[in-house]
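S.K.: Sequence:
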Amino acid sequence: MSEELPLIPKELSWLSFNERVLQEAADRNVPEIERLRYLGIFSNNLDEFFRVRVADVRKLAAFSKGEKKQRYNELLEDIRDKVDELHGHFTRIYLDTLRDLRKRKIYLIDEKQLDEHQDDYVARYFRKTVLPRLSPFLLDENLLLPALNDEEIYFAIRLQLCDGTVRYAIVQIPSNRLPRFVEIPQRKARRQKGSHVFIVLDNIIRHCLPDVFLGIFAIDRAEAYTFKLTRDSELELGDGISQSLVDKVSQSLQKRKKADPVRFIYDDKMPDDLLEALKKRLSIGVVDTLMPGGRYHNSKDFMDFPLIGPKYLQYPQWPPVAVNMAAADNIFEAIRQRDIAMYYPYHSFSVVVRFLKTAAIDPDVRSIHACLYRVAQDSQIVDALINASLNGKQVTVVVELQARFDEANNIRWAERLTEAGARVIFGVPGIKVHAKVLLVSRME
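For the working numbering, count along the sequence shown from 1 and bump the result up by 2.
Check before you lean on any hint, since a few could be wrong.
[Claimed, not checked] Below, in silico cross-link-like pairs of lysine to aspartate or glutamate (DMTMM-like), each with a Cα-Cα straight-line distance of 20 Å or less: (1) K107 <-> E34; (2) K130 <-> D234; (3) K84 <-> D341; (4) K114 <-> E34; (5) K281 <-> D234; (6) K105 <-> D121; (7) K359 <-> E446; (8) K71 <-> D58; (9) K438 <-> D385; (10) K271 <-> E113; (11) K107 <-> E185; (12) K12 <-> E50; (13) K313 <-> E34; (14) K282 <-> E143; (15) K84 <-> E13; (16) K105 <-> D29; (17) K61 <-> D49; (18) K359 <-> E335; (19) K190 <-> E113; (20) K438 <-> D341; (21) K12 <-> E76; (22) K438 <-> D366; (23) K84 <-> D58; (24) K61 <-> D234; (25) K271 <-> E76; (26) K12 <-> D121; (27) K282 <-> D306; (28) K84 <-> E26; (29) K281 <-> D306; (30) K271 <-> D86.
[To be verified] Using C-beta positions, here's what the derived DEER-type ranges look like: (31) E36 <-> K190: 48 to 54 Å; (32) K282 <-> Q72: 53 to 59 Å; (33) H349 <-> S197: 26 to 32 Å; (34) Q194 <-> T420: 57 to 63 Å; (35) G196 <-> F351: 23 to 29 Å.
Worth flagging that the hints you see were computed from the coordinates, not collected in a lab. Computed from a predicted structure; not experimentally measured. Glycine included, each C-beta is placed from N, C-alpha and C at the ideal position.
Given these sequences and hints, build the entire structure.
M.R.: This is the structure we're talking about:
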């Protein structure tokens with residue numbers, strides 16, 4: 003070919019993929035609740051993009067020289083420009099979706115829209131349910147700042163005290179333990195049959211903010227502004243051979259909690275003095291890390307928006323396709339008669355679970371080999387492998403410790419398998435075993 007094909011950096015290509023997710027959220031032919039979920043998927047994708055892709059480019063820019071360094075810095079600028087553009091699209095689509103939800107009698111309101119009846123309900127909910135889960139800490143220089151979890155959202159709080167002094171504090175919004183969207187009563191004066199009113203957990207805390215510091219400070223005015231950190235999530239395993247891979251991964255997971263921020267996104271209404279206090283205590287000095295945004299963050303929670311309203315507001319659930327086996331009472335007899343092909347995610351996965359559970363107790367099964375990349379917190383597959391080992395089968399399992407964001411879960415399962423007598427093999431550092439393979443040896 004006389005002309006070279008244009009090469010698009012994989013990071014920008016990935017952002018185009020996430021833009022495609024936004025297109026689904028913008029499509030008015032998509033049910034309204036599903037559009038919210040697409041907004042949540044977009045937000046969740048973007049978090050991982052910064053943890054992994056942007057973190058890699060920043061490292062390459064930091065350790066490169068000359069033209070390479072310039073190229074990586076330009077790529078970081080292009081990424082930031084594209085992300086800013088996508089955030090603009092996100093905000094517009096979000097507001098459009100809220101308007102469409104209001105037409106369906108589903109309302110998402112803030113703390114300033116509460117009437118007296120709703121105010122009383124929110125205050126009681128705060129005192130009983132939210133306040134016991136809040137643990138604020140002051141941004142004093144002489145106090146140790148705890149590591150902030152990059153999967154959570156926080157309030158930066160500015161307290162104007164009655165004596166004229168100003169104090170700063172941080173509190174985690176406990177959306178990991180409480181619903182992010184709380185349904186509250188309708189307005190007394192404007193009741194509508196079939197209506198649903200929600201307020202986000204953030205705004206409940208905003209509404210009752212002085213009560214968080216009740217008895218500690220005499221507060222004249224309290225303000226709260228949301229912020230979120232995104233940290234570099236790459237594991238640094240090193241080259242040492244004396245330390246086991248499990249120990250390396252475990253130590254690297256601990257370092258991940260305190261890794262350098264690659265994104266600090268915050269409410270652009272945050273006062274300058276509060277922003278400077280945060281930057282100083284969180285050691286955020288790199289300008290391109292700062293990303294002013296809107297009032298709300300962690301929009302990934304939209305993926306768990308309550309299932310309410312008529313059924314047409316969301317896609318119907320598709321039941322899994324049953325697998326037809328002639329000899330249903332004995333799965334090995336069914337396999338002996340003919341091959342059984344399954345196509346996922348359409349077929350029921352219960353067949354695979356049943357196959358493995360049967361193999362775990364079948365007297366004629368001699369050994370089971372499996373590769374595990376990413377399994378559930380409560381995995382029936384691993385339970386069956388453990389049961390097989392306890393039943394005297396030779397069980398060998400390759401557990402991939404480098405399954406991003408599931409490393410700790412996989413270490414836990416590896417330890418349980420080992421305790422049950424299974425032989426556990428870990429993936430080779432630098433290479434990921436991504437296959438989902440299962441082999442059962444049986445005497446026929």
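S.K.: All the hints need checking, so say for each whether the structure fits it.
M.R.: To see whether the hints hold, each was checked on the structure:
1. K107 <-> E34: holds (12 Å)
2. K130 <-> D234: violated (37 Å)
3. K84 <-> D341: Violated - the C-alpha atoms of D341 and K84 are around 49 Å apart, more than 20 Å.
4. K114 <-> E34: The hint is violated at about 25 Å.
5. K281 <-> D234: Holds. K281 to D234 sits at ~17 Å (cutoff 20 Å).
6. K105 <-> D121: With Cα atoms ~24 Å apart, K105 and D121 exceed 20 Å; violated.
7. K359 <-> E446: holds (18 Å)
8. K71 <-> D58: The hint holds at about 13 Å.
9. K438 <-> D385: holds (16 Å)
10. K271 <-> E113: holds (17 Å)
11. K107 <-> E185: holds (13 Å)
12. K12 <-> E50: With Cα atoms ~14 Å apart, K12 and E50 stay inside 20 Å; holds.
13. K313 <-> E34: holds (11 Å)
14. K282 <-> E143: holds (10 Å)
15. K84 <-> E13: holds (10 Å)
16. K105 <-> D29: holds (16 Å)
17. K61 <-> D49: The given pair, whose Cα atoms are some 18 Å apart, holds under the 20 Å limit.
18. K359 <-> E335: holds (15 Å)
19. K190 <-> E113: holds (16 Å)
20. K438 <-> D341: holds (19 Å)
21. K12 <-> E76: Holds: K12 and E76 sit about 14 Å apart, inside 20 Å.
22. K438 <-> D366: Between K438 and D366 the Cα gap is close to 24 Å, so the pair fails against 20 Å, i.e. violated.
23. K84 <-> D58: Within the cut-off at roughly 17 Å; holds.
24. K61 <-> D234: Holds. K61 to D234 sits at ~10 Å (cutoff 20 Å).
25. K271 <-> E76: Given that 20 Å is the threshold and the Cα spacing comes to 29 Å, the pair is violated.
26. K12 <-> D121: Judged against 20 Å, a Cα distance of about 49 Å means the pair is violated.
27. K282 <-> D306: It is violated: about 34 Å lies between the C-alpha atoms, which goes past 20 Å.
28. K84 <-> E26: Judged against 20 Å, a Cα distance of about 18 Å means the pair holds.
29. K281 <-> D306: violated (32 Å)
30. K271 <-> D86: Holds. K271 to D86 sits at ~17 Å (cutoff 20 Å).
31. E36 <-> K190: 48 to 54 Å: violated (32 Å)
32. K282 <-> Q72: 53 to 59 Å: Violated - the Cβ-Cβ distance for K282 and Q72, about 30 Å, lies outside 53 to 59 Å.
33. H349 <-> S197: 26 to 32 Å: violated (40 Å)
34. Q194 <-> T420: 57 to 63 Å: For Q194 and T420 the Cβ distance comes to about 59 Å; the hint holds.
35. G196 <-> F351: 23 to 29 Å: violated (36 Å)
The structure does not agree with the numbered hints 2, 3, 4, 6, 22, 25, 26, 27, 29, 31, 32, 33 and 35 stated previously, though it agrees with the rest.
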